[in-house]
Amino acid sequence: MLAAGICMILLVVLFGALGPIFVDTDKAQPLATTPRQEPSWEHPFGTDDAGRDLLAVMIVGVPLTMRIGLLAGTVGMSLGVFLGFTSGYMGGKIDTAIRGTVDTLLTVPGLVVLVSIASTIREEISVNIMALVVASLAWMWPTRTIRSQVLTMRERAYVQMAKLNGMNNREIIWKELFPNLLPYLAANFTNAVNWAILSSVGLEALGLGPQNDPTLGMTIYWAITFSALIRGMWWWWAIPIFFIALIFVGLLLIAAGLDELANPKQRKAV
Amino acid sequence: MSWNYTVKRVALFLIVVWAAASVNFFVPRLGTGRDPIREKLGQLAASGGLRQDGIEAMVKAYQVKFGLDKPLYVQYLNFLGDTFTLDLGYSLANYPARVGQMIGNAIPWTIGLMLVSVLIGFALGTLMGALSAWPSAPRFVRNMAVPLMTLSAIPPYLLGLIVLYILGLKLELFPLSGGYSPGRLAIASVDFYLDVLHHSVLPALAIVMQQVGFWALGMRGMMVTTSGEDYITLAEANGLRNRTIFFRFGLRNAMLPQLTALGLSLANVVAGQVIVEVIFAYPGIGTVLFQAIQASDYTVINGVVLILIMSIGLVTMLMDFFYPLLDPRISHTRQN
Amino acid sequence: MPPLLEARNIRKVYHGGGQLFGGEVSETVACNDFSLSIDADNPTFTTIAGESGSGKTTIARMLLGVLDPSGGEVLYQGQDVRDLKKDGQQRFRQDVQAIFQDPFEVYNPFYKIDHILTTPIYKFGLAASKTEAYEKIQEALRTVGLRPEETLGRYPHQLSGGQRQRITIARALLLKPKLIIADEPVSMVDASLRATILAGLHTLYKDFGISFIYITHDLTTAYQVSENIIILFHGAVAEAGSTEKVIKDPQHPYTRELIQSIPVPVPGSGWIEEDIEEKEVEDLDAEVHTSGCPYALRCPAAMDKCQEPPPFFRTEGERAVSCFLYEESPVLQGNDLHEVFRERDR
Amino acid sequence: MSVNGGNKETLLDIRGMEVHFETRRGIARAVNEVDLTLYKGERFGLVGESGSGKTTLILALLRMIKTPGFIAAGSATLDDGTDLLKLNREEIRRVRLKRVAMVPQGAMNSLNPVMRIGDQLMLTIREHAEDGEIPDKHTQLKQVEELFYRVGLKPAVARLYPHELSGGMKQRACIAQAISLNPQLILADEPTSALDVVVQRQIMQTLRKLQNELDATVLLVGHDMGLMAQFAERVGIMYGGKLVEVGPVEDIFHNPQHPYTQLLISSIPNFEIKGEFRGIPGVGLSLLDPPTGCLFHPRCPKAIDRCKSVEPQLKEVAADQLVSCLLHEEDQHAPAS
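Keeping their order, the protein sequence lines are chains A, B, C and D.
Under my numbering, the first residue of the first sequence carries the number -7, and numbering increases by one thereafter.
Under my numbering, the first residue of the second sequence carries the number 2, and numbering increases by one thereafter.
Under my numbering, the first residue of the third sequence carries the number 147, and numbering increases by one thereafter.
Under my numbering, the first residue of the fourth sequence carries the number 24, and numbering increases by one thereafter.
Heads up, a few of these hints could be off.
What the hints assert, rightly or not - Covered stretches of chain A (in silico footprint by chain B; criterion: 3 or more residues with CB under 8 Å from a CB of chain B, positions within the stretch not fixed):
hint : region
1    : 0 to 14
2    : 102 to 112
To be verified - Listed below are the simulated DSS-like cross-link pairs for lysine-lysine, each with C-alpha atoms no more than 25 Å apart in a straight line:
hint : chain 1 : residue 1 : chain 2 : residue 2
3    : C       : 276       : C       : 231
4    : C       : 282       : A       : 155
5    : C       : 258       : A       : 167
6    : C       : 394       : D       : 160
7    : D       : 177       : D       : 160
8    : C       : 394       : A       : 167
9    : C       : 231       : A       : 155
10   : C       : 352       : D       : 160
11   : C       : 232       : A       : 155
12   : A       : 167       : C       : 352
13   : C       : 324       : A       : 155
Calculated directly from the structure, the hints in this document are not laboratory data.
Just so you know, even glycine gets a beta-carbon here, dropped at the ideal spot from N, CA and C.
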């Protein structure tokens, strides 16, 4: 599972990295080519209403979407690791406060809050700001799951043994807990990236994305706005969906594979 | 259920609503000046998104309402008061339509679609996930884990585009958009309800497909753990029928964490649903939100956000209250 | 000179179910007013015995300083372990060590078993060089009957339970502590290996002069290894004294019931046939929450007086019993079990 | 060979039972050519350390071995000729509880946490009733209360959930369930290992009393020799999936024949010896890489050369006492060339 997932993501990354060598990315701008062309040898993915070549759009857009996901995932995860470890290991009042906040915030529909934020700063949204907006909510799940993992691990006898071996809290966290949590953290990170991409695509599909960058979500937004579906321009929406699906399934497979590594109980059953 | 717990839980709900309302109040006032309404209206008028005749009337209405000459805290208190009485003000783009009215018209559509599709998705997904981890289930069921996982990974609105294309456009089995056929009178008749049902199949299908995958995946993990429990072994040793063990011992127990997850993920479910409505031009709250975003209609956007947060908060609270009925080990009262 | 380790009226109350928003708080007294002291210069082997829920592991963890008592204090050389400065902390860790129940769980699965042996050497500066450290480790492993070449460099799951437990004993040996708290060290080991492990502990006590606090639910092994015994019931001490006396001639009604319940490995001795007087306890929580003698609800000899907490009566020099049946005997001053144990040593 | 000593009637005859587990590193023989006869109304104790195959044997009799394990060979015939190992799924389901019942090891977790105790018992009774003969709710409840009375539980327990019961009460409820259809054979897998000794004695006495009333056979599996000495009439010793010695409890404890049994008996701690520790030397065997010949020979103080190559067979050495050891084969027969 892990290998299949990594292959899929690698494929997507290579597509974005090597694409510019073969295809002129200027054709991702409006009015670059003839509009409304079906897929053909000249335009393998077709062109849209505004005359953008969709192959070029994908080559520019896929890395942009991945970048939003990675940036937001990294920020969210870093916060999650910090808060999760603090909460789980320290316990007491700090834990109660962090856990209470996270559990409360989780019941708030994240995307809807993002809509509210994004619509206020709509004009200024760029790819990086988009990532920051999404990151503002991407830390909650990691905090929650890492906390509960740390909580169970903290009770393990080897942590007590480490205390008796004279290790201090910092050493116990980094030398005893962290290595064992690595697969969990990797799976968590993958999930955070996945969530970030999901949210950014969702916001973009509502028109709340970077207006001048052809991310995957914005491409879908334009396709919806200009009724590509009813007009039979299937390539306009099907192609970004294909890439989004590829990214999501790839990330999910990686996360599931890592989970299996971390959790031998699941491993037996599969 | 103890009083103490009830009071605490209701208080938490009110805090969430209060926090959401406060964010709604302060965020628009951060960047802009002291008169956000006039400023927003100015922007709208400049881009031609507003009917001219409404502007002055609306500005006046808002000034009276918020007392913009009054200090900020008075404005804030007024705003909170309005929020808790569900008075959400006027739509900027469709004055004199009231936000509450617009949302009120849309909400039955959303709730209907959502309730049905989430329930079907949850039930089907839970069952399939449980079967896929049950050692004595047929082989083909156990092999379904991978396709289910793929489905769960794709957001419902993207699935929506695909089913819309295949079942709506190509096969012409279902209408492409809307909640009912244009021109049909929205009166309570069998014909009308059938029409509504017909229109809701595709958006519901899109949500159900993704939901099935999501719940199946979670349930599979829970079922793997549950099927190793001692009480499953003893039930088998006691010669209970396989079906009884599966439903009353396996599924019943493995489902409990799923229900907690349902409460927690409801927020995400709703968000995904909002975009599905846009794709299908379904007359629900998502479409209202989408149109408001396109028209920069901030009062409507904020109203929708607030209503969504409130209703999800309400549902999670109710679920917390009902959970002890399902799991006798959890109790909100002290054991004596 | 203050004793090496002293528990002074320690108490532990657990609060359950408390959350920011939800759950009611319930209290469980896991340990009520426990006092004990261990001298450094005169090694002793003391058993703390009790059934599940008696609070024995809670006491062990408080003595080790990994769990803070809710009341009272644990003193290391006269100083509260919570207030120890860095070097004091270091000496405390070195002097008071532990062996745990599950010989698999104490190993971090990420590291080879060497980790558990090299860390204390490095942390406590026990060796000047890598070679010296390695020699010390080898020597310790050989002392507990393991071949270093068969154990070092392996991961915990590659060794048997018996080997793993012996390595933790080697670790304790490496540190040369003055006191080892062994929490159910043989309960998860097969019977045939149990003897080997217990023999290892006994060697450390006899040959290396290390004191032991042996925590167990198994009175037969307690009898084999220990000189003093403390019987716990629901967080309170029922009876304490020399192992020989307490086990061969139990005085507290609970101790009697406990010892009669042990199936002796002699066929046909009537354990299964003999009718036992069973007093069913209606309310399980009542025993935990009572202010009087916790055993009173089941006790065949219960009296009205048992609603009050019984003090320790010193029924003889080497024994104290917390039961009103012995109220003729003098009351043990200050609950100091050490007084009783010292009598045996004289 | 004659296994039937005296005039006891055979209840279950196990012949050549083999249970294998397929692992990545080869096949592990968890139960290895086991022959065992259980008589009607007797209390038989099966002793072994972890990994000796005693629990696997019980699960195999109930046909509950899960993949990667499987029953590779053998038969287990009840007194009416039914071979447990050959029944189809529905047939074995009907045998469970009705003829062969199990008292579980982990009573703490053996009851469905979301069902009231009474409902669980009634469900079991209904599932075993013939179609159309399902008793009404009132009769079922009466039946449950009667069962509770027999195991020493109050009728009110029927309305409680498992988490509201103490460990001992849970195990009583499990025993009530096990005897609900008057089984001929009760398989008890370390039924008291999770309980305190005071409660252990009460539970074992209850089990003993019920066994008498039902005239059922109890197969008690465990490693606590004291418990075996007190409860069992006959004892079997397992090592590495093989039965190495079977005999009356007095003989096993006072006159053990197999070197492993001898070491096992001498390693039991008691209140007579202080400061002396006798164990069994060496390490337990790996089922994946078993030694040739006698499985115990690498640890056996009395091993002879032939033990390394010749697999001993279970042979009768005294009345009712069977041992699988070459030393005894040598005693009886002239050394084979």
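Structure-based check of each hint:
1. Counting residues of the region 0 to 14 of chain A whose C-beta lies closer than 8 Å to any C-beta of chain B gives 0; at least three are required, and the coverage claim is violated.
2. Counting residues of the region 102 to 112 of chain A whose beta-carbon sits less than 8 Å from any beta-carbon of chain B gives 9, enough to reach three: the coverage restraint holds.
3. Distance check on the hinted pair: residue 276 of chain C and residue 231 of chain C sit about 28 Å apart at the alpha-carbon level, beyond 25 Å; violated.
4. Between the alpha carbons of residue 282 of chain C and residue 155 of chain A the distance comes to roughly 21 Å, so the proposed pair stays at or under 25 Å and holds.
5. Distance restraint check for residue 258 of chain C and residue 167 of chain A: the Cα-Cα separation of roughly 13 Å lies within the 25 Å cut-off, and the hinted pair is therefore satisfied.
6. A C-alpha spacing of about 53 Å is found between residue 394 of chain C and residue 160 of chain D, which places the hinted pair above 25 Å, so the restraint is violated.
7. A distance of roughly 19 Å separates the Cα atoms of residue 177 of chain D and residue 160 of chain D; the hinted pair therefore holds under the 25 Å criterion.
8. A hinted pair counts as satisfied when its Cα atoms are at most 25 Å apart, and residue 394 of chain C with residue 167 of chain A does not qualify at roughly 49 Å.
9. Using a Cα cut-off of 25 Å, the hinted pair residue 231 of chain C and residue 155 of chain A holds, with the two alpha carbons roughly 15 Å apart.
10. Proposed proximity of residue 352 of chain C and residue 160 of chain D is contradicted: the alpha carbons are some 66 Å apart, above 25 Å.
11. Restraint check for residue 232 of chain C and residue 155 of chain A: satisfied, since their Cα atoms lie roughly 14 Å apart, inside the 25 Å limit.
12. A C-alpha spacing of about 36 Å is found between residue 167 of chain A and residue 352 of chain C, which places the hinted pair above 25 Å, so the restraint is violated.
13. Taken as a hint, the residue 324 of chain C and residue 155 of chain A pair is honoured in the structure, with Cα atoms around 18 Å apart against an allowance of 25 Å.
Comparing the model with each earlier hint shows violations of hints 1, 3, 6, 8, 10 and 12; every other hint is respected.
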